[in-house]
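Colleague: Please build the complete structure, drawing on both the sequences and the hints.
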Amino acid sequence: MAIVVKRPKLKWWEQLYLPAIFKGLGITLRHFFRTLSGEGKVTMQYPEEKWNDQLPEYYRGAPALVTDEQDRERCVACQLCEFICPPRAITIHPEEIPGDDKWAKVEKRPKTFEIDMIRCIYCGLCEEVCPEQAIFLRKDYAITGTSRAEMVHDKNRLYEIGGKRVGLVNKWNELK
Amino acid sequence: MDWAFLAISTVKIIGLVFLTILPMVAYSVWAERRVSAAIQDRVGPNRVGWAGLLQPMADGLKFILKEDLTPGHVRKTYYWMAPALTMIPSLLTCAVLPFGSRLFGEKMVIADLDVGPLFVFAIASLSVYGIVLAGWASNSKYPFLGGVRSTSQMISYEISLGLSIVPLLMIFGTLNLGEIVQYQAQNGWTLLPLWGEGLSLKGMLLAIPMFISFVIFTTSIFAETNRLPFDLPECETELVAGYHTEYSSMKFALFFLGEYAAMIIGSGLAVTLFLGGWSLPFGWLAPESTTAEVPFWHGLVHIGVFFAKVIAFILFFIWIRWSLPRFRYDQLMRLGWVFFFEIAVINVLLTAGIMMLPLGK
Amino acid sequence: MTFLFYIFAALAIVGGIGVVLNRNPVSSAFAMIVSFLGLAALYIQLDAYLVGTLQILVYAGAIMVLFLFIIMLLDIKSEEGRQFGVFSTAGAVVVAGGMLLIVAKVLKNFEAGEKALTPLKGAAAETTDVSAIGELLFTTYWFPVQVIGMLLLVATVGVVVLSKRELR
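Chains as they are written, first to last, in the numbering used here: chain A, 1 to 176; chain B, 1 to 361; chain C, 1 to 168.
Since the hints were made in silico from the structure, they are not lab data. Backbone N, C-alpha and C define an ideal beta-carbon position, used for all residues, glycine too. Do not take every clue at face value.
Not everything, but these chain C residues come out facing chain B in the computed CB check (under 7 Å) [unchecked claim]: (1) V26; (2) T53; (3) I56; (4) Y59; (5) V65; (6) I71; (7) V130; (8) I133.
Modeller: So, in structure tokens, the structure goes:
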């Protein structure tokens, strides 16, 4: 059934529309002066002001690899992250750890570990799936480069962003 | 041939059009962006130069460097003519605007015509051709619709525009803009008759039809310059970009700047007719007559006052644009033909009636 | 300033020729505007500022806009490809030639071309041409003005009646 919308009957001065126009002009003028006085300003002056101290706890930035307190790379090259990555941004070439190495019992480590940051969608699934807690999404958000090659983060760069993680890092505790 | 006259005119033209109006056009774009940003609680362009003051230069450079694309389906000659035809009439009209009293004994107006407002209307009415031509030459539907809209809009509002100033001309008794300003300097601005002859019962009564005239005139100027709330020829929500959809690079920039130039000239005309032109309120520093000598610094003050008023009016234009929604097309036509036309005619009669009242002088 | 006269006269004539020669109605309309502008400039050269300005305001600025509006709305395309028959061409040539003859004859006997006319500005230096024309319209030619006004009113009413009439 059609609903008949009752339109309000306008008084004669309302039909002139002038009062409404002046009211609207008043509102915009108020906003104008509020912004001029710096009160209503919400825009961040980006390159000068950074997001860093305003990022929420759960912010997902650039994914990165971490080492443990003994400087061992946590990644064991299981390639789970490579498989789960929805945009297939991660490429891992595993290698065997030679027998004379200190960490020979770990058996496997990534020879190369590359994340294509043009592809990465910051979904956090790699972090979610990692059984070794080796890959984390950090709070870096300004990932830039002047070429495609520059936008591919290799192992060194990933460790540089990730840094060292000390202690037992569980995914859900505050040490993350 | 009068070489002195030619030289002085050239200096005036270069000084007013190229050194004043064109920079004002560029900076009114900047002002538009900054003011609209402030109205919408944003910041606006503030990167290039201090507070973004060099933004117009950057924009201009960008427009020049962009690829000048001429689509294959357009009518080339007309397509190339159209942007020039929007810009030129807007700049031509400033020839009759008195932008100051006198400086070095020279009248501060490029052409002291006896048909000032008519000349402005005549040349301004030609500016529609740029838009129509752009719409037609682009040979595609959205520009075409924009062109058709602009023709009908122009015709509708030119009538109320012309009729709205008839009461003024009845009071001033002249079509010379310089004399009109002189009259206002001595006898009170049209909208503020608080000194001279204006300060009488009759002057006060006459302010009523003058205010009505002002409302009609200002609204019609908005329609003539295709500014929101009357920007139906370009109307982004319906027509992509209206008549300049197919234009790019500097040709688009000319349309864009033409709109602002028209806005400045419209403001100048409104200021001249209704707000006393270059004169200060209460007859301060007002010269005796149009032929009287004016001290040098008075002349400078008058020029400053004129441009201050014009800038204030431009800000008003911008303020309106960012406050009111766009009209629907039938509302626009209704407003023009059913209300403004009739009100303007009645206003003429009202003014004549007040002028005939036996209230002293 | 004679060379200005030749420039604007040429503009008016070229515009006029363009109206006839252009196949496209919109181009013709624009040629007509050019012609009007040249004519207006000629008026202004004769110190008739008001007439010149009105020429631009009314003809170039309003009437031609309406023309264009209608041409564009109707979107006349058939005119572009139309060929004229022998008879219509011959008829057109005869009519145009006759007109040319008449104009030539009138111009030959036109006396104003030989005597020097007093400039309009000089003749009425104390009044402007606006007030001069206004005074003439409201005194000498008052009756014709009223008649024309009446005629326009009748035409307007007629248009309203015709366009509002319900089709049976």
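Colleague: Next, verify each hint and record whether it holds.
Modeller: Cross-check of the supplied hints:
1. The beta carbon of V26(C) is positioned within 7 Å of a beta carbon in chain B (closest approach about 6 Å), and the interface hint is therefore held.
2. Taking 7 Å as the C-beta cut-off, the interface hint given for T53(C) holds, the closest approach to chain B being about 5 Å.
3. Because the closest C-beta pair between I56(C) and chain B is about 4 Å apart, less than 7 Å, the hint holds.
4. The interface hint given for Y59(C) is violated, since its Cβ lies 10 Å from the closest Cβ of chain B, which is over the 7 Å cut-off.
5. With its C-beta approaching chain B no nearer than about 5 Å, V65(C) sits inside the 7 Å limit, and its interface hint holds.
6. Residue-level restraint check for I71(C) is violated (minimum Cβ-Cβ distance to chain B is 9 Å; threshold 7 Å).
7. Against a cut-off of 7 Å between C-beta atoms, the interface hint on V130(C) holds, since the closest Cβ of chain B lies about 5 Å away.
8. Checking I133(C) against chain B by beta carbon gives a least distance of about 11 Å; that is not within 7 Å, so the hint is violated.
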